[in-house]
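Chemist: Please put together the full structure from these sequences, using the hints given.
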Amino acid sequence: MSTADILTLLFGMPGILVFLPLLGAIGILMAPPKWAFRWTVAVTLAVFAFSVPAWFGYGPGASGVAYEVNLPWFGHILGVEVRFHMGIDGLSLLLVLLTTFLSPLVVIAAPGHIRKREREFCFWMLLMEAGMIGTFLALDLFLFYVFWELMLVPLYFLIGIWGGPRRIYAAVKFFLYTLAGSLLMLGAIIYLVLQSTVIGPDGQVLQHGTAQVLELASRSPLAWTPQVLCFLAFTLSFAIKVPLFPFHTWLPDAHVEAPTSGSVILAGVLLKMGTYGMLRFCAPLFPEAFAYFAPWIMGLALVGIVYGALLAWAQEDMKKLVAYSSISHLGFVVLGTFALTTMAMKGSLLQMVNHGLSTGALFLLVGMVYERRHTRMIAEFGGIARVMPVYAFFLMVATLAAIGLPGTNGFVGEFMILLGTFESRPVFAVVGASGVVLGALYMLSMVRRVLFGPLDKPANKELRDITWRERGVLIPIAALIFWIGVYPSPFLDRMDKTLRKIQQRVVSIHPSGRK
Amino acid sequence: MEKLLFLIPLLPLAGAALSGAIHAGLAPRKSAGVVANLAVWGAFALALSLFLGLDPGGVMIVRGFTWIQAGSFRAAFDLRLDSLSAVMILVVTGVSALIHLYSVGYMAHDEGFAKFFAYLNLFVFAMSLLVLGANMLLMFVGWEGVGLMSYLLIGFWYDREEGFAPEATPARAGQKAFIVNRIGDFGFLLGLFLLATHFGSLDYGVLKAKAASGALTPGLALAVGLLLFLGATGKSAQIPLYIWLPDAMAGPTPVSALIHAATMVTAGVYMVSRCSFIYVHAPIALGVVALVGGLTATLAAAIAVTQRDIKKVLAYSTVSQLGYMFLGCGAGAFSAAVFHLTTHAFFKALLFLGAGSVMHAMHDELDMLKMGGLKKYMPITYLTFLAGAFSLAGMPPFSGFFSKDEILWQTVRFGDPFHVALYALGALTAVFTAFYTFRMVSLTFLGKERFDPGQVHPHESPPTMTIPLVVLAILATVGGFLGLPHVFGHLNLIGPFVERSTAALEESGGLGHGAEWIFLLVGVGCALLGILPGWALYKAGPGWGERMARRLHPLYILSYGKFFVDEIYAFLVVAPLRLFSVACALFDQAVVDGLVNGTARRCDEAGGAVNKVQDGKVSTYAAWFAAGALVLGIIVLVGVLR
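Protein sequences appear in the order of chains A and B.
Counting in the working numbering, the first sequence runs from 51 upward without gaps.
Counting in the working numbering, the second sequence runs from 726 upward without gaps.
Read the hints as simulated data drawn from the structure, not as lab findings.
Worth double-checking, as some hints may not be accurate.
Simulated crosslink set (EDC-like; lysine to aspartate or glutamate; CA at most 20 Å straight-line) [as the list claims (entries may be wrong)]: (1) A:K507 with B:D803; (2) A:K507 with B:E886; (3) B:K728 with B:D803; (4) A:K507 with B:E887.
Modeler: This is the structure:
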């Protein structure tokens, strides 16, 4: 690598989005502990500032990959060159921006609940951000895998050190469960890469092997049996991450034990890795298997939507309720992903962002009352809208977004997913739409029991309304909730071409994937 | 000029934002009343000027920005003003404006004064989107928006529990309204999906053209018609989803008048009329609409007969009157339904505001048995209430008579047994209606005081409250002349006007107009049959009613207990679902997570077993080494021997 290459890598887009938090993490080890939070806020804000140009650079109607960095990395593995290949396209753009947007908010909110080993916390947060951004940006299978696994470690420590009473159990469960899925995916990656070298009968190399995702996505897919096996390996790994029913049980444990910041990152960004992976890898690399298994996976998604909602309704702990609601919401995303219409796929990608915002806000809000009352049991509250009117306002906004009220982002996403699904598989959309009713049921029950009714518990009478710092965290999220709800075109137009290409790839190869 | 149409929703939106800021402390909270009133009166003035400037039969489409686009589907913020939406927006903004004025007096002492006006303005914003939206998706936006405002306004006094049944506190009633409506919305959404997938658009103009071109098959029309109607049964409180509306009375009375009587609850009728071009292709769907409307009208009226809570009487009356409107829609008489919607908005808003005035005077008393003799304390409220009562009871020449009889005539006109039976239900309902209305008037205003005048000091309400009452009373009295029956000559103004925007069923035989006279007289008879006993038997107090209640005990309990529909739903739907949800939670813990942890434990045990191999003793390792070497040796040997 030349010096110029290294400079591009470190300071050009999109490398800087990964390396800035990494450098920030290293820097924090040298900074005095009391500066830790301020330092981290500055770094994450800088990363956000550097990511904003991508929004303008990858404008409405853009196609292909922008800001590509493609450099040789550490030589050859399995006869295939491993490259440091990153770039931004319509699929990764919004998710990267979601990550850079949520990260500073989480760090700003963190001093409220992180009251020990602050410097370490900040270190892991920055490492986490680098890992998440890298995962979305990577266009090389090995590079992707590195970032994918890298993300596990910070979250493991975030839960394990700053978590609740059962934090070790939750952290280990999260780690092992996702790792088990990842290993299958690693196997599939190795097979896929080995398979990509085509050697003719005379020993001549007809096609060079590659680990580049976009290159693989333009070649003809694998033979049926290996394609199915690889598809299942990738999909299982992603399904655990999403999580898709029945692989979801690590999620409530992880959320309940994680500190607020961990939950926000987990729900806001990490879960989307799974649905992102399905669109990035499963669809273009294994198009036939994708179309073939679509009804089965959509079936699981439907179970998740209804079952997750019913579980959420049964919860007495606010955080657990929000955690189970994620299973239901992500069910919509998976449903739309596999519906194989552009309408549904666009809805899915938008809904990933929407869920990151609304559920991120909900976890922040739950954390805010937890910091004040040291309980999250719904029955311990009641009527707190009287003493915390501003809090009540924001909880209402996040709730309305979560239940998909028109005017909020949640409606646009759910509507597009359900309409797009209805186009290809009407019955699935009908069942999915019932989730809209159940969503209102559990969210509004929770809101009523927490905010409304008489203020009859003495401990609640003393509650302070949220501070300006807390409002500062919630206002940007609320603004985006309404922006996407009222004027989603700037978002939808940026993903249009990329998703259409993925959809075309599947549909043109497999006729049963309609439209 | 056309772009001004956007100001009708945007003015109240701006008013809401400003009132919200005032609530947050921007200015003295009283100023919110002025701001909100200016916004909604401005919207009314605009609606009026656009209405007057509307080319008869013309359609005005004002384009806004694209909202959702994917593939060939596109939905935009376009507004549409035609004769139907013009009538509707006039009613909505007009009644809203009067009720905003009334609320200044009614809510004067409430600490949430500014918030209340922010909510009311936001409601008008959502309602005008619902009415003016040029596509069904925009209607759905407004539809959900008014639902949200209904939820927030029912629960406006969210921490009150005293005086409410435990399952019908304001907070619970709001939630019930929202969730029951969501069940209806489920149908609405699916109807939209069907239309969007088949026609690639939800624009009324496009859909109408497709329907006219024959692309709307009868099966599709039936499915869409029924699904959309499920939505209407939620919002407009019809069987099986009407149960939320009576509980919604937990909200402040101006809200009951505006949202839960005059405007929002009529959205379903508006939607069915808006989609009349679909329904005329689906006779079965129309039959269902008529049947549900007729049954709801009768059931709700039968419940209203025995209620003691003045707002409950009015709530069930609203459910019943909405039933009439659907009866009209189901008979293909969409303009008659819209006519009744209009007169009902006048007289029911009037009655609710009158009830609010009574509550204002009686320290929030709702039980009519604890009232009586209020006539002399509040003459303006009494006289205006009486105008509303005659209108509701269907007494000529008050407005309710003309609109209700138009619906009944359009129903019976078919002459077949189904429609004649529906007519009979409607006529029976008319008797019930007249009876409970005058029972209410008598118990509230006539007879002796059944409260201690020394303790409660009833008084007439301030002018901000009585002026709207007087205006509405005038409208309720003369509003019927907008749509005089055919037999009086071609003097019907509203019917042909609305019919420019609605589709019509093909004319098919039935009764001639000569018969209309007979049914008009029957209508008057029904009204008198209810009014006279309602007045005569209760004018001296509730004594007669209590004797009848004892004599007809089972019937009384059935009616007073609202036919126990809430209890039946709780037992058949809510409790099983709740149980299932808890069962799922247990299943998830025990089985799904149990399997995960079980797998982990097996792995752990297996690991533990293998672990024993490495016990740290050199001799054990040596033994394993030897065994391994032996196995390897045998394999090699076998290979060689081959």
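Chemist: Could you work out which earlier hints the structure fails to respect and list their numbers in ascending sequence?
Modeler: Violated hint (a single one): 1; every other hint is consistent with the structure.
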